[in-house]
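All chains, full assembly: derive it from the sequences and hints.
Each chain, letter by letter, is given below.
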Amino acid sequence: QQQVKQSPQSLIVQKGGISIINCAYENTAFDYFPWYQQFPGKGPALLIAIRPDVSEKKEGRFTISFNKSAKQFSLHIMDSQPGDSATYFCAATLSNTGNQFYFGTGTSLTVIP
Amino acid sequence: GAVVSQHPSRVICKSGTSVKIECRSLDFQATTMFWYRQFPKKSLMLMATSNEGSKATYEQGVEKDKFLINHASLTLSTLTVTSAHPEDSSFYICSVDYTDTQYFGPGTRLTVL
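As they're listed, the protein sequences go chains A and B. Using the numbering used here, you'd call the opening residue of the first sequence number 1 and step up by one each time. Using the numbering used here, you'd call the opening residue of the second sequence number 114 and step up by one each time.
Please keep in mind that the hints were generated in silico from the structure rather than gathered at the bench. The beta-carbon is built from N, C-alpha and C at its ideal position, and this holds for glycine as well. Heads up, some of the hints might be wrong.
[As the list claims (entries may be wrong)] One-sided excerpt, in silico: chain A residues whose CB lies under 8 Å from chain B: (1) P34; (2) G43; (3) P44; (4) A45; (5) I48; (6) P52; (7) K58; (8) F62; (9) S65; (10) G83; (11) F89; (12) S95; (13) Q100; (14) F101; (15) F103; (16) G104.
[Claimed, not checked] Straight-line C-alpha distance at most 25 Å; calculated DSS-like pairs for lysine-lysine: (17) B:K127 / B:K179; (18) A:K57 / A:K71; (19) A:K71 / B:K155; (20) B:K179 / A:K57.
Shown next as structure tokens:
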């Protein structure tokens, strides 16, 4: 059973628009939800993360919205730029347990000028 | 965050040979490191969890005799692909566990001819 489901698989957004990527998780015990950004040929880089004690976290143009009752969380990229074109992975984990991360399947974002 | 390096970044080898990939934690001592494999346009597949001073824990379906992992120090873990075959060609990425988050290396592109 896939622990974290991510959608959409791919996304095309106009420059200046809002990019939204959604994830849903199964295990209610998960307590840490990071998002990673990966450019072709590079390793994933931590973008932003949230814990379930808050419903929203914002860092610059990136915002995570978290809905604990629905077991869903999403990444919003405001004012999307061509440089944001990359693959984004959500993840979930139960902290302090050896930290195995359960990753979503990834979303390929293309921001067109 | 943590800084992680991998060496080499790219390697091409002949079928039947062995290849060693190094993963180094540059700015802190990592008790736990992870090894992932990633196919083109696919998500991260956890291969094994590497614990300093003890045997690695392999995920189901990963051949431990083929993918040898050694975590001999708190800053270095190595993955050796033994008797490599073309189907082992992939992008291999390591990560370290630091403050409940995984920080990834830049990845190693392995091509087996």
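Does the interface hint hold: is P52 of chain A within less than 8 Å of chain B, judged Cβ to Cβ? violated (13 Å)
Would you settle whether the hint for A45 of chain A is holds or violated, based on the nearest Cβ-Cβ distance to chain B being less than 8 Å? Since chain B brings a Cβ to about 7 Å from A45 of chain A, closer than 8 Å, the hint holds.
Go through the hint on S65 of chain A and say holds or violated, using the shortest Cβ distance to chain B against 8 Å. violated (20 Å)
Pair hint K179 of chain B and K57 of chain A, alpha-carbon separation not exceeding 25 Å: violated (42 Å)
Please check whether P44 of chain A passes as an interface residue: C-beta within 8 Å of a C-beta belonging to chain B. For P44 of chain A, the interface hint holds, since the closest Cβ of chain B sits about 5 Å away, which is under 8 Å.
Any CB of chain B closer than 8 Å to the CB of S95 of chain A? holds (4 Å)
Less than 8 Å between beta-carbons is the criterion; does F101 of chain A satisfy it with respect to chain B? holds (6 Å)
Return the status of the interface hint for G43 of chain A: holds when the least beta-carbon distance to chain B is below 8 Å, violated otherwise. It holds, given that the least Cβ distance between G43 of chain A and chain B is near 4 Å, below 8 Å.
Does the CB of F62 of chain A sit less than 8 Å away from some CB of chain B? With a minimum Cβ separation of about 15 Å from chain B (threshold 8 Å), the hint on F62 of chain A is violated.
Compare the distance between the alpha carbons of K71 of chain A and K155 of chain B with 25 Å, and conclude whether the hinted pair is satisfied. Holds, at roughly 24 Å.
Per the CB criterion, is F103 of chain A less than 8 Å away from chain B? holds (5 Å)
A closest beta-carbon separation below 8 Å is what the hint needs, so does K58 of chain A meet it against chain B? violated (18 Å)
Checked against the numbered hints given earlier, this structure breaks hints 5, 6, 7, 8, 9, 10, 20; the rest are met.
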